[in-house]
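Undergrad: Read off the chains here:
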Amino acid sequence: MSINKISGCIGCGECVKACPTDVIRLNSKGKAEITYPADCQICHLCRMYCPVDAISITPEKAIPVVVSWG
Amino acid sequence: MSKEFSRRQFLNLSGATLGAAAIASMGMNSGWAHNNKTLPVGDTSVADYSTDVLVIGGGMAGLFAAVKAHDAGAKTLIVSKGRLGSSGQTPFAKGIFSFDAKEAGMSIDEFVNKVSYSAIGTNNPVYTRQVAEHSKARVEELREWGFFDSAIYNKSFMRPINERNIELIERVTITHLVKENDRITGAAGFSIDESKAYFFSAKSVILCTGAGGFKPNGFPINDLTHDGTIMAYNIGAKVTGKEWNDGHPGRSTNPAACYDGWGNMFEQKPSTTSVGIRHDLGMEANVMAYANGNPSQMRPGMNNKSSYSSLKAPYRPEGLQEEQRQSPPPGGDGRDDKRRPPRDGQGPGSDGQRPPQQKAKGKGKGDNGGPPGMGGSIVGGSSAGMAIHKSEGLVPINDKCESNIPGLYAAGDALGSYMAGAIYTQIGSSLAGSAVQGAIAGKAAADYATGQKGSKISSAKKQEIESEIFAPLKREAGYSPAWVTQTLQGIMIPNFVLYVKKESLMKAALAYIEELRDHHMPMLRAADMHELRLAHETRHMIISAEMKLRASLMRKESRCSHYRIDYPDLDNENWEAWINIYKGANGDMQLEKQPFNS
Numbered sequence: 001m002s003i004n005k006i007s008g009c010i011g012c013g014e015c016v017k018a019c020p021t022d023v024i025r026l027n028s029k030g031k032a033e034i035t036y037p038a039d040c041q042i043c044h045l046c047r048m049y050c051p052v053d054a055i056s057i058t059p060e061k062a063i064p065v066v067v068s069w070g
Numbered sequence: 071m072s073k074e075f076s077r078r079q080f081l082n083l084s085g086a087t088l089g090a091a092a093i094a095s096m097g098m099n100s101g102w103a104h105n106n107k108t109l110p111v112g113d114t115s116v117a118d119y120s121t122d123v124l125v126i127g128g129g130m131a132g133l134f135a136a137v138k139a140h141d142a143g144a145k146t147l148i149v150s151k152g153r154l155g156s157s158g159q160t161p162f163a164k165g166i167f168s169f170d171a172k173e174a175g176m177s178i179d180e181f182v183n184k185v186s187y188s189a190i191g192t193n194n195p196v197y198t199r200q201v202a203e204h205s206k207a208r209v210e211e212l213r214e215w216g217f218f219d220s221a222i223y224n225k226s227f228m229r230p231i232n233e234r235n236i237e238l239i240e241r242v243t244i245t246h247l248v249k250e251n252d253r254i255t256g257a258a259g260f261s262i263d264e265s266k267a268y269f270f271s272a273k274s275v276i277l278c279t280g281a282g283g284f285k286p287n288g289f290p291i292n293d294l295t296h297d298g299t300i301m302a303y304n305i306g307a308k309v310t311g312k313e314w315n316d317g318h319p320g321r322s323t324n325p326a327a328c329y330d331g332w333g334n335m336f337e338q339k340p341s342t343t344s345v346g347i348r349h350d351l352g353m354e355a356n357v358m359a360y361a362n363g364n365p366s367q368m369r370p371g372m373n374n375k376s377s378y379s380s381l382k383a384p385y386r387p388e389g390l391q392e393e394q395r396q397s398p399p400p401g402g403d404g405r406d407d408k409r410r411p412p413r414d415g416q417g418p419g420s421d422g423q424r425p426p427q428q429k430a431k432g433k434g435k436g437d438n439g440g441p442p443g444m445g446g447s448i449v450g451g452s453s454a455g456m457a458i459h460k461s462e463g464l465v466p467i468n469d470k471c472e473s474n475i476p477g478l479y480a481a482g483d484a485l486g487s488y489m490a491g492a493i494y495t496q497i498g499s500s501l502a503g504s505a506v507q508g509a510i511a512g513k514a515a516a517d518y519a520t521g522q523k524g525s526k527i528s529s530a531k532k533q534e535i536e537s538e539i540f541a542p543l544k545r546e547a548g549y550s551p552a553w554v555t556q557t558l559q560g561i562m563i564p565n566f567v568l569y570v571k572k573e574s575l576m577k578a579a580l581a582y583i584e585e586l587r588d589h590h591m592p593m594l595r596a597a598d599m600h601e602l603r604l605a606h607e608t609r610h611m612i613i614s615a616e617m618k619l620r621a622s623l624m625r626k627e628s629r630c631s632h633y634r635i636d637y638p639d640l641d642n643e644n645w646e647a648w649i650n651i652y653k654g655a656n657g658d659m660q661l662e663k664q665p666f667n668s
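Going line by line, the protein sequences match chains D and A.
Going by my numbering, the first sequence wraps up at 70, each residue one higher than the last.
Going by my numbering, the second sequence wraps up at 668, each residue one higher than the last.
Just so you know, the hints here were simulated from the structure itself, not pulled from any lab data.
Errors might be hidden in some of the hints.
What the hints assert, rightly or not - List time: in silico DSS-like cross-link candidates among lysine-lysine, alpha-carbon distance up to 27 Å:
1. D:Lys17 to A:Lys206
2. A:Lys339 to D:Lys17
3. D:Lys29 to A:Lys266
4. D:Lys31 to A:Lys266
Stated by the list, open to error - Now the in silico label distances, taken between C-beta atoms and shown as ranges:
5. D:Ser7 to A:Glu585: 29 to 37 Å
6. A:Glu585 to D:Ile10: 44 to 52 Å
7. D:Pro64 to A:His589: 17 to 25 Å
8. D:Ile10 to A:Ala578: 17 to 25 Å
9. D:Thr58 to A:Asp170: 38 to 46 Å
10. D:Ser28 to A:Lys626: 55 to 63 Å
11. A:Gly306 to D:Ser7: 45 to 53 Å
12. D:Ile10 to A:Leu640: 57 to 65 Å
13. D:Gly8 to A:Glu662: 38 to 46 Å
14. D:Val52 to A:Gln660: 50 to 58 Å
15. D:Val52 to A:Asn656: 56 to 64 Å
16. D:Gly8 to A:Ser447: 44 to 52 Å
17. D:Thr58 to A:Lys266: 29 to 37 Å
What the hints assert, rightly or not - Simulated coverage check for chain D against chain A, where a stretch passes if three residues somewhere in it have a Cβ under 8 Å from a Cβ of chain A:
18. 16-22
19. 28-38
20. 41-53
21. 56-68
All residues carry an ideal CB built from backbone N, CA and C; glycine is no exception.
Isolated chain A (complex conformation):
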């Protein structure tokens, strides 16, 4: 009789366990996260796959990466932790930017310059230019696939995948990238439906894993935990942008209800957006709430010095004033009025989007609402743990979405391309950028694979990884991922820690996060495959929290979506630079500056 069985048998006989299980099965809220005690997982097994190009992630970037890698002649496989077009932020992004010089009345050069001006230099003009150059072509492909015909995207995403017979594996969570002999050789993870490890040998890998947050309340990113970023960091990739923040507030009534907070936007069909340069959704609402308390005073015309009491207002470039963007409301300026008169067509995966409305489940009427606070009181931290789209992720070493690890590419929110900079500058450009970058990375990864000999992941490496993947399942005792996540949220979300930053508070938070990293993380315990996924997600959130705090401590100035109460001014002398993070030789987190535009 196995040890596992005897343990299960013992636990199943425990009265307390039965009580907890009964409560859980009724979905009742006991106010804390249970450490589940049932272990229905039997022996684990292994599945092996081999491909030229491996695409990890099934959102907009993953779709185009797979299609273009295949079309460039590479054997391509996509693996996603969810369903194609129904996981990450893609399902909720409703506006997609399509640059047309004639319609915009400006050249690409002018567009890039305007974005750079709003972004206060934080954008990477190479990638800003790329989205303008290629967005229209990607939008036209999406139109052919039927993307604009439905509010739900799985069917239109499946069309090009089926037409090309590209292999797709869903509900498999990737936890490890594999690097041998200084180049990428594949990836590994597990299925949430069976206790099976999955190994993918590949000549090149494209991370289309999105960004992430701390499973915050009010933003549909609870499946996004910076998985790709942390896996890549673990094998030596450089990561950037962890000090930036998405400043979305949420509704005070049922703040966790993403659908209700966004009106009926999730049920809208997607639409295109045209040029409209903004400087949106930085820290202003948060700084005002810090200065004055709630209910927030944020409303049109209130963004002046008096709104901040004695605090210094975040710097806003001349000509991009708050008043200008509030009529029509955020997200409204860039819509194509001819096509979608009643709606702004933006969603959480787009940038410059309309903040949540107070009104629940509106049906068109009155949905255009106002900026945060206009419809009633708001709360902060709706997207806690997430940065501005495309400002965080792997550092690209060229214009081909390639990382510093040979054979490893990233696209979309997994790539720190700084396409829009460290503030929302162009509505809908995030979804378009994911499509554009996915396509570029797909082609580049296929070209790279052509010159490589296939190499299998070694059996020693596989053994080591398999043991790491299943470790939380094998632990007799430990901490439930739900509890560790709640603890992390309690450190990183309240007290304006990431919104109105100050050294003392961030150092205190860092001490707690180091404790989670050193003590809790090695003791994460999973009761089943669902919890195994949560355990790995929790690991990734802990490392991301450490990165966010260290980068925020290092940047001793305020710029775009990073606001320090102790350094409230721009510091162009020292800080016209991005912060990159990498794992040092001793395993410690190292930070370095990279000058803008270098």
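So here's chain D without its partners, still in its complex pose:
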């Protein structure tokens, strides 16, 4: 996972707007939901913009990682 959990969301939508890669959307209940996890670049902007520290993030990418050399 990348964005691991959203807990205690107040539905302000800050994380939705802050995400550069459109990973998070508000669901039908008006709460933030991890909608496109494969596109998370693990930059933590959503967490930094969240006013209530509702977002926790882990460092693993949701899809396989390609590197130039390993």
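Once you have looked at the hints, place chain A on chain D.
TA: Coordinates of chain A only, in the frame set by chain D:
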């Protein structure tokens, strides 16, 4: 009943689809990119806007372009695919260069000469001079807006926009520039929140769209896919600098975790940097890893001939030796020690920045770390597909950030200004350069607009563009953008293709990329508006990959951040020249040389 509904109904009944959707909703990794089968997009609609100056992009360049265009009297509108100050590389750039002759103890002429020396002639001194002349004034404006008071930039960026009542449209992805009667008449794109096409009629347009990469792992540029460059190329603009590379390695543990790779830098407030000329983050670490394998031998004092085995070391100008820049670590030399003692204050949007640290999420202590490899093993290609800041993008025809298309301007990483050359030469100058160029382009585009009559995008043109924008949504079957992107990454990232270049491998990669261009690109299919954005981004990455390979094949020498194993030497006789790329009359990609400083 519409065809679309019946298709959706059918697909929704498919058991396999339900299974895939369930897996996707749980965020589980099945190891490959799904071709999603739900199509929640209904009828599409259209929104129309009209302005004097259209600014595309909401980073540092876009901010200043909009403010200065407005202040020059033009009706101005900004459109951004993300949020102002929270998309592209701007949110992660923490160091901004501020030139002060007294403090620097050198004149602007001396500064420009030193940059040109480090850049081995690849820089454009007109733009190098510009950043020195104007950086301090832009930094002072940012200070007034509160930029230096927070680690997140949206609030300080919104201040001058709100004060001026400049219209701002966010979460709209621009896919097309419109040229009619040989001049720019606007741009078009779509919203990711509703199935709506957006048309902007404008007298002049400023691309502040940043540069891009191949959605690489470890660099926060996954929303940057050279959109502006490719849109402009499509209407006849000249593009430069596609052979240069940013050489950042990443961490071997969780290489995709940008935040962790950069320590806690993303949470730092920005700070200013002063003069410190370098020759950083070219191909050396990559060439050493190629020669010796991993773990890389890159550490202080190891940058000598023996580090490269039988390979020739990339040329490094005398007096700018590796040892010199490694104590303090990269990114550390230029910091303002009085202001920010514990940190170097650099980020991925700055140049000459500190490479990722092995240590995850440090809290100040020990964060100053070392160069690549000092904290443990590293991997390559962290910023794959990106060049040195401001070395790639639209070719400027003058010192006003103007392109060869009348009315089309570019600023920041979207402009191939060669401000710092084809290697990182001055820390923090990239963010400063974006501010400086944005301001210059804003004023110039406003002046241009003053002499123009407003012209609406014709309805025939609109129809044609709307159909192109939504084409991936309308396809019954095709390839998912995620899968095509994975395929492209598999061609362009591994095997040192862009880092230790050789003709045979680049030709092989080009054959694959041509296949993506001719076969996969026309079959890109989007399941929803999010995927529609990915589809257009994937198109742009494919064309950019072709440009990178063709330019790299053409430059038969090694210089700055371009290293050819088959041509490892500088060739000043033939290659004191930039490579420009443009679309030929038959639609093929054409390349030409432009002598340095011409």
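Undergrad: Kindly confirm whether 38 to 46 Å is satisfied by the beta carbon distance between Gly8 (chain D) and Glu662 (chain A).
TA: With a Cβ separation near 57 Å, Gly8 (chain D) and Glu662 (chain A) fall outside 38 to 46 Å, so the hint is violated.
Undergrad: Taking the CB of Ile10 (chain D) and the CB of Ala578 (chain A), does the distance hold inside 17 to 25 Å?
TA: The hint (17 to 25 Å, Cβ to Cβ) is violated, given that Ile10 (chain D) and Ala578 (chain A) are roughly 52 Å apart.
Undergrad: Is the Cα-Cα distance between Lys339 (chain A) and Lys17 (chain D) 27 Å or less?
TA: holds, 20 Å
Undergrad: Take the C-beta atom of Gly306 (chain A) and the C-beta atom of Ser7 (chain D), compute their distance, and say whether it sits inside 45 to 53 Å.
TA: Holds, at about 51 Å.
Undergrad: Is Lys29 (chain D) within 27 Å of Lys266 (chain A), Cα to Cα?
TA: Given pair Lys29 (chain D), Lys266 (chain A) holds - Cα atoms ~23 Å apart, limit 27 Å.
Undergrad: For the segment 16-22 of chain D, do three or more residues have a beta carbon lying closer than 8 Å to a beta carbon of chain A?
TA: Since 6 is at least three, the answer is holds.
Undergrad: Given the range 38 to 46 Å, decide if the beta-carbon distance of Thr58 (chain D) to Asp170 (chain A) lies inside it.
TA: This hint holds: roughly 43 Å between Cβ atoms.
Undergrad: Lys31 (chain D) and Lys266 (chain A): Cα distance at most 27 Å?
TA: Answer holds: Lys31 (chain D) to Lys266 (chain A) is near 24 Å, not above 27 Å.
Undergrad: For Ser7 (chain D) and Glu585 (chain A), compare the CB-CB distance with the range 29 to 37 Å and indicate the outcome.
TA: Since Ser7 (chain D) and Glu585 (chain A) have Cβ atoms about 45 Å apart, the given range 29 to 37 Å is violated.
Undergrad: Starting from the hint 44 to 52 Å, judge whether the C-beta atoms of Glu585 (chain A) and Ile10 (chain D) obey it.
TA: Holds: the Cβ-Cβ distance is about 48 Å, inside 44 to 52 Å.
Undergrad: Three residues or more, CB to CB closer than 8 Å: is that satisfied between the segment 56-68 of chain D and chain A?
TA: holds (count 11)
Undergrad: When you take the CB atoms of Thr58 (chain D) and Lys266 (chain A), is the distance between them in 29 to 37 Å?
TA: Given about 35 Å between the Cβ atoms, the range holds.
In this structure, the earlier hints numbered 1, 5, 8, 13 and 16 are contradicted, and the remaining ones agree with it.
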